[in-house]
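Chemist: Chain by chain, the residues run as shown.
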Amino acid sequence: MHYLTIKNNQPVPVSDIPEISYNAFLILNTGMVVETAGRHCVNYFGYPEGEKILLICCIADDDEHVIYISSSVVDIHSELHSFTAKQLCFEKFEREIHENYGVQYSDHPWLKPVRYAHDRFDKTNVISNYPFYSIDSEELHEVGVGPIHAGIIEPGHFRFICNGEQILHLEIQLGYQHRGIEKLFLAEKPLNQLATLAENIAGDTTVGHSVAFAQVWESLTGFEPGRDIDYARTIALELERIAIHTGDLSAVCTDIAYQLGSSVFGRLRTPIINFLQEWCGNRLSKGLIRPGLNRYPLTSELAKRLTVVLDTFEPDFTEMNKELFNMPSALSRFERTGVVSTEDASAIGAVGMTARASGVVRDTRVSHPHCLYSELDHKPIVKRHGDVYSRVTIRKKEVFQSIKYIRALLENVPEVPELQSSSILKTPCADLFTISLVEGWRGEICHCAITGSNGKLIHYKIKDPSFHNWMALALSVRNNEISDFPICNKSFNLSYSGHDL
Amino acid sequence: MLSVLLIVIAAIFFTGIIIRTKSLASGRKGPAILQPVRDVIRLFRKGVVYSETTSFVFQIAPTIYFASVIMAMLVVPFGQSRGVLSFNGDFIFFAYVLALGKFFTIIAAMDTGSSFEGMGASREALYSMFAEPAFFILMGSLALLSGHTSFHEIFAALHIGSQISYALAALATFVLLMISMIESSRMPIDDPKTHLELTMIHEVMILDNSGFDLGLIFTAGYIKFAIYGALIVNLFIGVIPYEYAIPSFFAIQFVMAVSIGLIESFMARFRMNHNPQFIVALTSVSLLIFFGVLLILQKFM
Numbered sequence: 007m008h009y010l011t012i013k014n015n016q017p018v019p020v021s022d023i024p025e026i027s028y029n030a031f032l033i034l035n036t037g038m039v040v041e042t043a044g045r046h047c048v049n050y051f052g053y054p055e056g057e058k059i060l061l062i063c064c065i066a067d068d069d070e071h072v073i074y075i076s077s078s079v080v081d082i083h084s085e086l087h088s089f090t091a092k093q094l095c096f097e098k099f100e101r102e103i104h105e106n107y108g109v110q111y112s113d114h115p116w117l118k119p120v121r122y123a124h125d126r127f128d129k130t131n132v133i134s135n136y137p138f139y140s141i142d143s144e145e146l147h148e149v150g151v152g153p154i155h156a157g158i159i160e161p162g163h164f165r166f167i168c169n170g171e172q173i174l175h176l177e178i179q180l181g182y183q184h185r186g187i188e189k190l191f192l193a194e195k196p197l198n199q200l201a202t203l204a205e206n207i208a209g210d211t212t213v214g215h216s217v218a219f220a221q222v223w224e225s226l227t228g229f230e231p232g233r234d235i236d237y238a239r240t241i242a243l244e245l246e247r248i249a250i251h252t253g254d255l256s257a258v259c260t261d262i263a264y265q266l267g268s269s270v271f272g273r274l275r276t277p278i279i280n281f282l283q284e285w286c287g288n289r290l291s292k293g294l295i296r297p298g299l300n301r302y303p304l305t306s307e308l309a310k311r312l313t314v315v316l317d318t319f320e321p322d323f324t325e326m327n328k329e330l331f332n333m334p335s336a337l338s339r340f341e342r343t344g345v346v347s348t349e350d351a352s353a354i355g356a357v358g359m360t361a362r363a364s365g366v367v368r369d370t371r372v373s374h375p376h377c378l379y380s381e382l383d384h385k386p387i388v389k390r391h392g393d394v395y396s397r398v399t400i401r402k403k404e405v406f407q408s409i410k411y412i413r414a415l416l417e418n419v420p421e422v423p424e425l426q427s428s429s430i431l432k433t434p435c436a437d438l439f440t441i442s443l444v445e446g447w448r449g450e451i452c453h454c455a456i457t458g459s460n461g462k463l464i465h466y467k468i469k470d471p472s473f474h475n476w477m478a479l480a481l482s483v484r485n486n487e488i489s490d491f492p493i494c495n496k497s498f499n500l501s502y503s504g505h506d507l
Numbered sequence: 083m084l085s086v087l088l089i090v091i092a093a094i095f096f097t098g099i100i101i102r103t104k105s106l107a108s109g110r111k112g113p114a115i116l117q118p119v120r121d122v123i124r125l126f127r128k129g130v131v132y133s134e135t136t137s138f139v140f141q142i143a144p145t146i147y148f149a150s151v152i153m154a155m156l157v158v159p160f161g162q163s164r165g166v167l168s169f170n171g172d173f174i175f176f177a178y179v180l181a182l183g184k185f186f187t188i189i190a191a192m193d194t195g196s197s198f199e200g201m202g203a204s205r206e207a208l209y210s211m212f213a214e215p216a217f218f219i220l221m222g223s224l225a226l227l228s229g230h231t232s233f234h235e236i237f238a239a240l241h242i243g244s245q246i247s248y249a250l251a252a253l254a255t256f257v258l259l260m261i262s263m264i265e266s267s268r269m270p271i272d273d274p275k276t277h278l279e280l281t282m283i284h285e286v287m288i289l290d291n292s293g294f295d296l297g298l299i300f301t302a303g304y305i306k307f308a309i310y311g312a313l314i315v316n317l318f319i320g321v322i323p324y325e326y327a328i329p330s331f332f333a334i335q336f337v338m339a340v341s342i343g344l345i346e347s348f349m350a351r352f353r354m355n356h357n358p359q360f361i362v363a364l365t366s367v368s369l370l371i372f373f374g375v376l377l378i379l380q381k382f383m
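Chains as they are written, first to last, in our numbering: chain A, 7 to 507; chain B, 83 to 383.
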């Protein structure tokens, strides 16, 4: 066997991961991805050991519900053949390895900086001289947007090449939000601070990322979360999904200048996040999820309260959707705008609702179940067309689905055991590797960790769903009108900080 | 003179009423009716910041734009009272003095060298170009019907007709209302509220304007709206005595502002490539008016 087969959240000794020659590694992983549609790369990263780099590639198999881990050691100065030349979905990962450690690829088609990490290999690469793709032409013109955003969201630079109103090409340059979060995980910090750090990887996916971190930590320390902990996490994940999807529906309505939808969906988001505040004291659920602990158990009183919140939310949400999806002027903006084809979505390894809108069934809740999802009999919602309409419809339907799941879960509120001491969680076991996949509202979140011989974290790798999906946005706007870019962008609503880390 | 007074009064309230309608329709209280005027007064007290890449064109454009709108306002009559200026063919003067102002805002936008403003300028030029035939076919038909070529005489003669002339007036109202939406960059052509430069038309052209210049542009915009409202009112009031005509002027302006507010609340903006189709469709409505006039005049044998 050239690879190790593990389950989601299953810790394995680092020495158990088979180490193979780079060529075999390349053939194995690129080959695995094409074999069945259910396989995709969830993480591929390097861990530097002196002049050598340990490359670890994790391929998830959605049909078999397992993850294949393989590794290879290469010299830092070696020039390698790229995975990307065979399979596009490795593109960002290899750019990252190249940027951080200076590994050269002989046949990578797009070897550009990803996020300008502080300790990057080539410090002469600075954010102000990103090598943009350009076309020398009298007819075409370039439009640069950002990095300062017109609204209140995060910074990123978008360079369009347009033929009049039509977009031919979009290149997205990120990195302005880089905070070195992965390195901060390695600093010796109390567990609570690490959990807070995880909450702030992407502000709109607080629950998703903190659940992923909690699972990584628990699997490293050998802690089995009790039912009440998983229960609270599942409900928090679904509430986050409802809140963000509703907020995004409001934002999409703002971008098509539909005022009624904008204000009604905006209002509907409030009771959901207000419930989160009642639950844990923070509307964005910061502080709610902690490794090994159930700081804020979902009591039966809170469960009753949540039922009331959902009972008042659902009819209004249904009515507003009826208005929106029956309005010709809105539909004419949504339909056939920003199409990502099924082939493109699967080639670039799109995840989450972006992939599902293009007909690629990719949902960690069913393929690598965590928390209580194995009990829920989750059926992913899939649309075929990959346009803005598909993505908006998926948001609408997922909100209803989440409400259904929460209602089902609320029928049996688990007993909360006496608060256990979390001292067992203080130090992870030595020389372990673990991977945690969580389906956040945006899609698959992947956290990987490696511990050293003293049980300290020596490598932490985060992959936000935005990492893959930014490319989907760049592809979706091709041949669209430039005035439709904002609505395409909002239909994905990708994270800048989740990408930049 | 009367028309100028009425237009200015209407302009003071018009935009505020639109904004208030939109606020109420979305369940908010909304700013005071006079807030747009206060904003303009605040802007008039401020200095102007000019971009280093711009030339004198950018600096004179807001003034020319403002002046062009004022000139256009002067030729608009009110019922039996003439505009300050009134001469044969003044409706052509009206259209082209507005176009002159627009030409200067367009080249001023190009002058900034910003890619956004260039896009906005090209959109504005395209849409105005499409809207022009609609206006001229409309006014030409009315001139043909009444046998006169100045606003005042056309409108004064218009009421003396059969009922079919009122039907024509209704169609003309629609055309003028839509032209005013296009000219003032309101929905469903343009979204005045958006913060997204890529989807803007008019707003993006004035991104670099500030202070006093911006105040002039806003004021001109408010007045322009009221001017078109006044034209619509003129279609109906004819020689009605002032005690009825003046209240109905304000009533019609009010209804127009409220309906614009409602349209903007309950529908989405058009996709940009549907705009030209929509605007060209206005020309066909104008053509309907033209054929209606030919029918009335029995030009068809």
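Think of the hints as simulated: they come from the structure by calculation, not from any bench.
Note that the coordinates shown come from a computational prediction; the quantities given were computed from them, not determined experimentally.
Worth double-checking, as some hints may not be accurate.
The following label-pair restraints were derived from C-beta to C-beta distances [claimed, not checked]:
#1 A:K129 with B:G129: 54 to 60 angstroms
#2 A:G157 with B:G129: 25 to 31 angstroms
#3 B:Y324 with A:L174: 43 to 49 angstroms
#4 A:R185 with B:K275: 32 to 38 angstroms
#5 A:E145 with B:Q162: 54 to 60 angstroms
#6 A:L174 with B:G112: 51 to 57 angstroms
#7 B:S292 with A:L192: 44 to 50 angstroms
#8 A:L174 with B:I322: 55 to 61 angstroms
We put the CB at the ideal spot given by N, CA and C, even for glycine.
Chemist: Taking the hints in turn, state whether each one holds.
Modeler: Structure-based check of each hint:
1. A:K129 with B:G129: 54 to 60 angstroms: violated, 43 angstroms
2. A:G157 with B:G129: 25 to 31 angstroms: Given range 25 to 31 angstroms: holds, Cβ gap about 27 angstroms.
3. B:Y324 with A:L174: 43 to 49 angstroms: With a Cβ separation near 60 angstroms, Y324 (chain B) and L174 (chain A) fall outside 43 to 49 angstroms, so the hint is violated.
4. A:R185 with B:K275: 32 to 38 angstroms: Hint holds: Cβ distance 33 angstroms, inside 32 to 38 angstroms.
5. A:E145 with B:Q162: 54 to 60 angstroms: holds, 55 angstroms
6. A:L174 with B:G112: 51 to 57 angstroms: violated, 42 angstroms
7. B:S292 with A:L192: 44 to 50 angstroms: Given about 48 angstroms between the Cβ atoms, the range holds.
8. A:L174 with B:I322: 55 to 61 angstroms: holds, 58 angstroms
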